[in-house]
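Visitor: Residue numbers (my numbering), protein chains in the order written: chain A, 1 to 88; chain B, 89 to 286.
Among the hints, erroneous ones may be present.
[Claimed, not checked] Here are the simulated BS3-like pairs of lysine-lysine, each with C-alpha atoms no more than 30 Å apart in a straight line: (1) A:K10 <-> B:K209; (2) A:K66 <-> B:K246; (3) B:K173 <-> B:K246; (4) A:K69 <-> B:K156.
[Unchecked claim] Sample of chain B residues with no beta-carbon within 10 Å of chain A, all distances over it, derived: (5) Y97; (6) A104; (7) D214.
Since the hints were derived computationally from the structure, they do not count as laboratory data.
Heads up, the beta-carbon is just placed ideally off N, CA and C, and yes, glycines get one too.
One letter stands for each residue in the lines below.
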Amino acid sequence: MNDYPSGERKKQCSDESKCFELLESILDGDLKDSGKEILKEKLAKCQPCFEHYHLEQAIRDVLKTKCTKHAVPTELADCIRQKIQDIK
Amino acid sequence: MSEVQRRKYSQEEKNAIFDGEFMPHIDSMYNFGYRLTFDEDDAKDLVQDTYLKAYRFINSFEQGTNAKAWLFRILKNSFINEYRKKSKQPTKVDYQEVETYYNSDDVHYQSTSDLRAESVKDMLGDEISNALNSLAVDFRTVIILCDLEGFTYEEMAKILDIPIGTVRSRLHRARNLLKEKLQGYAHNMGYNTDEEEE
Numbered sequence: 001m002n003d004y005p006s007g008e009r010k011k012q013c014s015d016e017s018k019c020f021e022l023l024e025s026i027l028d029g030d031l032k033d034s035g036k037e038i039l040k041e042k043l044a045k046c047q048p049c050f051e052h053y054h055l056e057q058a059i060r061d062v063l064k065t066k067c068t069k070h071a072v073p074t075e076l077a078d079c080i081r082q083k084i085q086d087i088k
Numbered sequence: 089m090s091e092v093q094r095r096k097y098s099q100e101e102k103n104a105i106f107d108g109e110f111m112p113h114i115d116s117m118y119n120f121g122y123r124l125t126f127d128e129d130d131a132k133d134l135v136q137d138t139y140l141k142a143y144r145f146i147n148s149f150e151q152g153t154n155a156k157a158w159l160f161r162i163l164k165n166s167f168i169n170e171y172r173k174k175s176k177q178p179t180k181v182d183y184q185e186v187e188t189y190y191n192s193d194d195v196h197y198q199s200t201s202d203l204r205a206e207s208v209k210d211m212l213g214d215e216i217s218n219a220l221n222s223l224a225v226d227f228r229t230v231i232i233l234c235d236l237e238g239f240t241y242e243e244m245a246k247i248l249d250i251p252i253g254t255v256r257s258r259l260h261r262a263r264n265l266l267k268e269k270l271q272g273y274a275h276n277m278g279y280n281t282d283e284e285e286e
């Protein structure tokens, strides 16, 4: 995605709202194959789209990888199985 | 449960579904419960309650469909119907009120912050978690379902019983709120600003 120096992209997006909505849908996996071509073009030609896409992507990445995970208490699964046994 | 009872499973089939399709999601379920309640015991109760309901209504689960989404929907409903009612803590935001105001599906997407991707990548896990946890529960929920658990818009719509357009707009708004929080952290850390010191 960094093949295009920022100087070659337009500085203003003529349809920011629509573009950003589309970019966010692509990032969320809502547009699969058709999204790739649109994305390539937007990112190559438009600086606001390029920046928005990378910010949104970074946010999704850190949420996915950095959010604190809590270990399941060891007794929970056994406790559930026991209660299921009781109602069987 | 609103699902239509499709068929009756044998005891062996029930056990196989429960062990093979339901129990593997206990980790995600517990983390969802914890992120909704911020309390270990409440999270345990929610998960336990969800699994007991899942077992009781197992005949309404269609094999081959998404068990994780089905379980998440039960947990979310338990949280709304039981936990929130029991909880005496004042709710921060009544989402229904907020929703009619902010959540028309016709959201205008725009750049709302000057937060930079580089600043976000440098943030610590605690900062990300705290920012997420500070959001009102309905905004927090869509981010958890989408970004942490990887559900599609369609699955989220089913889990939350809302139209896909509302999922999309609520997510967009939730992420904008998250960005505002992260921008506050970035500013304090000296990113994105010429001022080196406060």
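Visitor: For every hint, state whether the structure bears it out.
Guide: Hints and how they fare:
For the hint linking A:K10 to B:K209, the alpha-carbon distance of about 25 Å falls within 30 Å, and the restraint holds. The hinted pair formed by A:K66 and B:K246 meets the criterion: a straight-line CA distance of about 27 Å does not exceed 30 Å. The straight-line distance between the Cα atoms of B:K173 and B:K246 is roughly 22 Å, inside the 30 Å bound, and the hint therefore holds. A hinted pair counts as satisfied when its Cα atoms are at most 30 Å apart, and A:K69 with B:K156 qualifies at roughly 18 Å.
Once the 10 Å rule is applied to beta carbons, B:Y97 is consistent with being away from chain A; the minimum gap is 13 Å. At roughly 13 Å from the closest C-beta of chain A, the C-beta of B:A104 stays outside 10 Å, upholding its exclusion from the interface. Not every C-beta of chain A lies more than 10 Å from that of B:D214, the closest at about 7 Å, which undercuts listing it as non-interface.
Checked against the numbered hints above, the structure breaks only hint 7 and satisfies the rest.
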